[in-house]
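*Asks:* So the chains spell out like this:
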Amino acid sequence: MSPYRLASGGRIDRARQVGFTFDGRRYAGFAGDTLASALLANGVRLFGRSFKYHRPRGLLGAGSEEPNALVSVVRDAGRCTPNVRATQVEIYEGLVAESQNRWPVLAFDIMALNDLFAPLMPAAFYYKTFMWPRSAWHRWYEPVIRRAAGLGRAPSAPDPDRYAQRFAHCDVLVVGAGPAGLAAALAASASGARVMLCDEQPEPGGSLLDEHAATIDGQPAQRWLSVAIATLATRPNVTLLKRTTAFGYFPHNLVGLCERLTDHLAAPLTGTPRERLWQVRAREVVIATGAVERPLVFPGNDRPGVMLASAGSTYLHRYGVSVGSRIVVVTGCDAAYAAALDLHTAGATVALVADVRDTAAGAAPAAAREAGLEVVERATVLGTSGRLGLRSIELGSLVDGTILNRRTIACDALLMSGGYTPSVHLFSQSRGKLAWDAARQAFLPDRHAERERSAGACRGVDGLESVLADGAQAGVTAARAADRDAEWQPIRAAARDFNALGVPGALRQGGRQARSRAFVDFQNDVTTKDLALAAREGFVSIEHIKRYTTAGMATDQGKTSNMNALAIVADGLARPLPDVGLTTFRMPYTPVSFGALAGYDRGDLFDPVRTTPTHEWARRHGAVFEDVGQWKRARYFPRDGESMHLAVARECRAVRAACGIFDASTLGKIEVVGPDAAAFLSRMYVNDFASLAVGRCRYGILLRDDGFICDDGVIARVGYDRFHVTTTTGGAGRVLSLMEDYLQTEWPDLRAWLTSTTEQWAVVAVQGPKSREVLAPLITDVDLSAAALPHLAVRDGRICGVPMRLFRVSFTGELGFEVNVPADYGPSVWEAVCSAGRESGITPYGTETMHVLRAEKGYIIVGQETDGTVTPYDAGLGWAIGRNKADFVGKRSLARPAMHAADRRQLVGLSTVDPAVVLEEGAQVVEQPARAPPMRLIGHVTSSYSSAVLGRSIALALVEGGRSRTGQTLYVPMPHGDIPVTVTQPVFYDAEGTRLHA
Amino acid sequence: MLLIDCPYCGPRPELEFSYAGQAHVVRPADPSAVDADAWAGYLYLRANTRGVHAERWRHTHGCARFFNALRDTTSDRFLVTYRSGEPRPASLPGDET
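Going down the list, the sequences are from chains A and B.
Take the first sequence: its position 883, counting from 1, is numbered 883 in this note's numbering, and each next residue is one higher.
Take the second sequence: its position 67, counting from 1, is numbered 67 in this note's numbering, and each next residue is one higher.
Since the hints were derived computationally from the structure, they do not count as laboratory data.
These numbers were taken from a predicted model, which means no experiment stands behind them.
Errors might be hidden in some of the hints.
One side of the interface only, derived from the structure: several residues of chain A facing chain B at Cβ under 7 angstroms [to be verified]:
id: 1; residue: Gly248
id: 2; residue: Phe250
id: 3; residue: His252
id: 4; residue: Leu254
id: 5; residue: Gln744
id: 6; residue: Thr745
id: 7; residue: Glu746
id: 8; residue: Asp749
id: 9; residue: Asp887
id: 10; residue: Arg892
All C-beta atoms, glycine included, are put in the ideal place defined by N, C-alpha and C.
Hey, can you work out the whole structure from these sequences and the hints?
*Replies:* Following this line, the structure appears as structure tokens:
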């Protein structure tokens, strides 16, 4: 047994030995140990290397505030968690942990050379130094610096673990299960209120877990704690969450919790989530997050073996570990005397208690002296020694600015305390305002923004009985605020209540220039000199100093360092501490894994995928898909290894010569019903719908009120009071929302109702000169002849025996039909049409072919030919506007003179002089050839394709005054020269429309 | 995440809503009758309020209705929510401005 593990004591299970490795070496600990306590018990003091100077570092604390002992815990290639605090890693059989930021090994780290050059590396050293040449930063400086100044490494394989997420509601959420939190939860839950209590540690209790001398309600504190936990466990209205950190406070009492479920298990059950993110909406919140001890700031205070006094108590009482064989306690706070006394009682050698205050008087120093400990006053630490761990300290007394009684004391552990800082992180995140309390030397919660209250040490309450009373009162107040009848039961407690008041800032050194540096922020390697430099260089705002020196910006968010940094800056600026002010507390309180935040939204569940009814058929027939919003659409159907170009050319020719079949189900569909449906649509669209006969369709254009095109689609009147509106694929949601907005808020008097039917209909488009003869045998109750069913007619009927809404519409310029059937019948009707058309050469085609065919006809695509600045006139669609309508959305804006200016960009066709050249979509159009930039740009190419049917390239473009330029030669400048183009009409194929009306 | 009290459904998380801009911007009854400045004001000019702001929300993933709310933009606190068409409430409990 190592000399550091005491023969008895602690909450560990000494019957269960646990083996683990650290940096490849095997160690043994006990069940209940953390990695920190187990290594400490094995005499390990060196845990890692510091961020910037690669200085050897050991444990500073025993909990989540730990800044130094960051390790990687490795299960396999995908399960490697970097930057976890050794103080929070519960060991299990076979645990593998590794130190970080060292090479080749922890005890001998080449980069420790940085430390020798430390005088040359002050605050902002990197930004000041690595400025020239400019290009070298990304290529050379930054990669090298990043490798040298680092924390752990990210895992190389994807994370195989599952992460869960849960929403929860409660009357009272209590954060922190220390004495105040337990008292609050007991009091609140006794009223029947739904209570959630969470704590970051593996067992509830907080500081009570270290409490050995106290009694509560006449029982030993540990006994009271077990009863309290058992009581809460039996109450069905209480949810007790262990290993759960409240990491963020969001508006309206939403608190984010991260519960760690499997990290402490040797062999987690398959399927168990590793972590669970809770989003708790609480009616009332009790914040009982306690306080964090502050280090003292003196030269060499980062040497392994220098720790917080409270950590000394925790290792002793919870893990039965003595932090050293010869211990010095240096303190500016009475509470640290408890650690000295307890270690002394447990048999450790406490060489000295050095009190940095002018007088060490009162109960705590008296008790120490009575126990036979040497106590010195006015002490200051002048330096420490020991390469990889503490060997001795140099101590002096500061009398009237002079150092007296200088002496060196051999020791392997130094416990320090500068007092306690209330943990106001969550309160501050809730947008509550803090106020400086001069008596308590702390920032405490003051003005509230949310329905919460702080209780116990996190609002500066000291002493066990007061803390319990404060917690109980907070629990009662919270329950009452949540409309419960709660009663306050006093809890009696007797404890050795040593004052937690301390001394923020650096220890005075009597004007002497210290050889070694005094660290303020251990994790980011910020020293007193860096802060002094920032003040000398003229920084005044604490927020600027924080960013310049990086104090408080590490993963620990300055839990141990912020107050000291603030006091040192206030000293340097010669301003009172509260005037300098605090930096903002930001979430997360401790780091939260990306896995927990992402939760279920990974892989296939990252974003929903929408597929059409014929998706499976298309997949079986070798379709190449493209993403259109969330939809998967078949882009083309290559045969025998065809390229896209060849497949699209074949599909285009088939539609023009015979017949093609296309899945148009993604079109947005809205059923507009009601006595005022026609009036409503007439107000929304530029077209007039009052004059539209039942059984007829109209091409509709929807503007925004600013007069620009927002969407388009075919609108069919299927009954006197019923319209079938189609929208673009991407615009479906936007159009419905716009319509609802006008209907609900501008024209609530109109009796019309909107229903999205996008996914209720499968739409099979059958296009081409042979489409009528293909469909006719399948449809018995609708006459498909041109006379009975002209272009833009609609009929309800049956196809293959199933209900059908048949549109005679065309987005190809050919004779065409769109067969709408209930979505579930989509696949069978599709296959029936394919079979019926086999003799006619029916060819499935995709969106790429659809784009080419519509461009040959000059049909626009909203979002391709339009960009939110195109009017119907610009697009050549002025004919669609209902002339005699009093109003429609966008009408007033269209009346502005600027909307009719002759030089507006108008839709035209462009024919390249060389028919083989295909323009690039988005390319600019200019008037003069062979000019160097800047050139006046008069337009841009919106669509461009190679047309197999026309045997040449075609393009659509928006060009200034384009319609008056027909026949002009313009130029499209490209990197390898100008491409001459001729302006044409935007219709390249069958301009008379004879095929359409066939 | 805000908690928003839909006048039709009750309190629901912000996830279910979409913001829809300033409230009580009335579209002219006869747009053709208003001059260009008035029309531009309707289209584009909006308040940038520090304090109590009347704004529209839509319970998109719930009842799908638009409604109005008074929210303090400095604290994100909702003072009241009310149905579209109702006037802006005049005096409010807790209205500090």
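*Asks:* Take the hints in turn and mark each one as holding or not.
*Replies:* To see whether the hints hold, each was checked on the structure:
Interface restraint check: glycine 248 of chain A against chain B, minimum CB-CB distance 11 angstroms, threshold 7 angstroms, status violated. At a threshold of 7 angstroms, the smallest CB-CB gap from phenylalanine 250 of chain A to chain B is about 6 angstroms, leaving the interface hint in force. The interface hint given for histidine 252 of chain A is met, as the beta carbon of that residue sits about 4 angstroms from the closest beta carbon of chain B, less than 7 angstroms. For leucine 254 of chain A, the shortest C-beta to C-beta distance to chain B is roughly 5 angstroms, which falls under 7 angstroms, so the interface hint holds.
Look at glutamine 744 of chain A: its Cβ gets to within about 5 angstroms of chain B, closer than 7 angstroms, so that hint holds up. The criterion of a C-beta within 7 angstroms of any C-beta in chain B is met by threonine 745 of chain A, whose closest approach is roughly 5 angstroms, and the hint holds. Taking 7 angstroms as the C-beta contact cut-off toward chain B, the hint placing glutamate 746 of chain A at the interface holds, the least distance being around 5 angstroms. For aspartate 749 of chain A, the interface hint is violated, the least distance from its beta-carbon to any beta-carbon of chain B being 10 angstroms, above 7 angstroms.
Proximity of aspartate 887 of chain A to chain B holds as hinted, the smallest CB-CB distance being about 6 angstroms (cut-off 7 angstroms). Restraint check, arginine 892 of chain A versus chain B: the minimum CB separation of about 4 angstroms is within 7 angstroms; hint holds.
Figure legend: structure checked against the earlier numbered hints; hints not met, in rising order: 1, 8.
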